[in-house]
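Generate coordinates for the entire structure from the input sequences, incorporating the hints supplied.
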Amino acid sequence: MSPLVSIVVLSVIVLTFGALLVALTSLIGPKTEQSKAKQMAYECGLNVPESEVSKVPVKFYLTAILFILFDIEIIFMYPWALVYKDFITEGKGLYIFFSMAVFLVIFVFGLLWEIKSNALEWE
Amino acid sequence: MNQDAFVVTVNLIKMAVIFLLMVQLVPILVWVERRGSAFIQNRFGPNRVGPLGLLQLLADAVKFAFKEEFTPGKGHKAFFYMAPIIALLPGVLAFGSIPLSIPFTLSGDGYSHTFATQVFDLGIGIVFVLGVSSLAAYALLLAGWGSANKFSLFGALRASAQMISYELALGLSLVGILLCFGTFNFSEMIAAQEVPLTFFLFGKEYTFLSFLPAWGIFYQPLGALLFFVSVFAETNRLPFDLPEAEAELVAGYHTEYGGLKMLMFYIGEYGHMMVASALMATFYFGGYTFPGLTVVGVQEFFSGTLQIESANLISIFTMLVFHVVLMTKILIFLWIFVWVRWTLPRFRYDQLMDLGWKTMLPWAIFNTVLTAVFLLLRGV
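Sequences listed follow chains H and Y, in order.
Heads up, the first sequence is in this note's numbering, so the first residue is 124 and it goes up one at a time.
Heads up, the second sequence is in this note's numbering, so the first residue is 3 and it goes up one at a time.
Keep in mind that the hints were calculated from the coordinates and are not lab data.
Be aware that a few hints might be false.
With a straight-line Cα cutoff of 25 angstroms, these simulated PhoX-like cross-link-like pairs (lysine-lysine) come out [as the list claims (entries may be wrong)]:
{"hint": "1", "chain 1": "H", "residue 1": "Lys161", "chain 2": "Y", "residue 2": "Lys69"}
{"hint": "2", "chain 1": "H", "residue 1": "Lys161", "chain 2": "Y", "residue 2": "Lys360"}
{"hint": "3", "chain 1": "H", "residue 1": "Lys154", "chain 2": "Y", "residue 2": "Lys69"}
{"hint": "4", "chain 1": "H", "residue 1": "Lys178", "chain 2": "Y", "residue 2": "Lys79"}
{"hint": "5", "chain 1": "H", "residue 1": "Lys161", "chain 2": "Y", "residue 2": "Lys65"}
{"hint": "6", "chain 1": "Y", "residue 1": "Lys79", "chain 2": "Y", "residue 2": "Lys69"}
{"hint": "7", "chain 1": "Y", "residue 1": "Lys76", "chain 2": "H", "residue 2": "Lys159"}
{"hint": "8", "chain 1": "Y", "residue 1": "Lys76", "chain 2": "H", "residue 2": "Lys161"}
{"hint": "9", "chain 1": "Y", "residue 1": "Lys360", "chain 2": "H", "residue 2": "Lys159"}
{"hint": "10", "chain 1": "Y", "residue 1": "Lys360", "chain 2": "H", "residue 2": "Lys239"}
{"hint": "11", "chain 1": "H", "residue 1": "Lys182", "chain 2": "H", "residue 2": "Lys161"}
Below is the structure:
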C-alpha cells in the first residue's frame, strides 16, 4: 500500500474524530437561551465596535513575505546537504562547496539588507 | 485472508494505535505539567481525584463534554469550528512517520510477516514532518479570525508570525545534521548513530571512549541547541508563549473557545510537543538505540536468561524494549518542556523577533558553513 494512501486515511480518521468531538458538545451539552449580550465578543464590559477587528498591522504581512523568501532559500539547501558527502567522495568537494557558498553569500546579503532597512524592527 | 486485505488491516490497526497513543498521552502530560508546576512552586497540585490526582483529567474531560455549545455572534462559524479540528492533524501525521522501534516478525506454519513500527515509511521523512508541522499555523489563524475578537486575532497573528520566523532557524539548523548523515530517512539516520563515536585529528581516525555512540549531539551541539530553542517557539511554549500572554491578551487565539473545543487545542499543542521531543531524540540522541543495547543482545537475554522459547514472543519483547528506550527519551524532553516553562520568564515581542531573525538565523547559517567546511577538510 502506498504511504500516500495511509496519510490520507489517517487524516480522514483524525478529522472525523475531531468533528465528532465538536458535534458531541452540541448534542449532550445543556441548551440555554442565546441572548445578544451573551454572543458578544469577549471584552471587559465594553461594546466592541465592528471595524476594530478587521484591522491588521502591516508588519505581519511583511514578516510573512520575508519568511516565504527565506524559507524557499533554505529548502534549496536540503538536496544540497543530501548529496554533499557523495560529491566529496567523488573528489568534487570544492565544486559543491563553492556552488552553495555563492548562494549563501546572497542569502546573508539579503538578511543584512533586511536588517539595515529596518524591516525587522518591532517597536 | 488475502494479502491486500491483510496489509490494509495491519495499517488500520497501526493508525488506530498511533492515534490512541497520542490522545492517551495528553491527559498524562497535562497531569505531569500540573504536578510538575506544583512541585516547582512548592504547592500540592491536583491530588483529590484518584491516586495522586491521576484521574483529574478524566473528570475534566467529562465536564468538558457537558459544557454548553457556544459560538460568538459575529464570528465566522465555519472557521470557528474548523480550527480545533485542524489543530489535531499535524501532531498525529508527523508522529506517524517517526519509527517508534525496530520492526518485529511474527511467523508460524506457512506464514511469516515483518511489521514495521511506523505507520508510513516515507523516503523523505524529515521534509514531510517539517511540512506537516507548519500546518499548525492554519489552526491558530482560523481560530483567531473566526472568533471575531481582537484578543483572539492579535494572539493568532503573533502566533503565526512567531511560528514562521522560528521555522527558518528550525529548518536551517537541520541542514547540519543532514550534512553529517546524508539521508532524509529516519531509520537510516538512527542506524548511522549506532556505531561508536569517531573523530579525526590530523588525518587520522580515532575511536573516542568506545562506549560513546555516534549520536548527533556530539557532531552538532550548536545545531541541537538551535533546534531545541526553535521547537519551543514552534509549540508556543514559555518563554515564547507570546500568543497567550494572559496579562495582555486574555488567552490569545482560544479566548472564545471552551469545553471540548479548547481541549482539542490542548491535544494539538501537546501532540506538537511530543513530535518535537521525538524528533530531538531521533536526530540528536540516537532514536530508539542505546549504547550497549544491541538487538542480538536483547534477544539472547530473553531466550537465554529468561528461557522464553517462542520466537514470536522474543521478537515482540525485543521491539518493546527498544520502544521503551525511545519513550524514555521522549518523556525526558517533555519534562524539560515543563521545567523550562516554570523556570524562565516570558520574552517581550520585539526581543522574541530579534532572537529569531538576528541571533538564531545567523548562528544557524554559521553552523551550516562550519559543518560543510569541516566535512570538506576531513574529506569524508
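Evaluation of the provided hints:
no. : hint                    : in the structure
1   : Lys161(H) <-> Lys69(Y)  : holds, 15 angstroms
2   : Lys161(H) <-> Lys360(Y) : violated, 45 angstroms
3   : Lys154(H) <-> Lys69(Y)  : holds, 9 angstroms
4   : Lys178(H) <-> Lys79(Y)  : holds, 20 angstroms
5   : Lys161(H) <-> Lys65(Y)  : holds, 21 angstroms
6   : Lys79(Y) <-> Lys69(Y)   : holds, 18 angstroms
7   : Lys76(Y) <-> Lys159(H)  : holds, 10 angstroms
8   : Lys76(Y) <-> Lys161(H)  : holds, 11 angstroms
9   : Lys360(Y) <-> Lys159(H) : violated, 47 angstroms
10  : Lys360(Y) <-> Lys239(H) : holds, 11 angstroms
11  : Lys182(H) <-> Lys161(H) : violated, 33 angstroms
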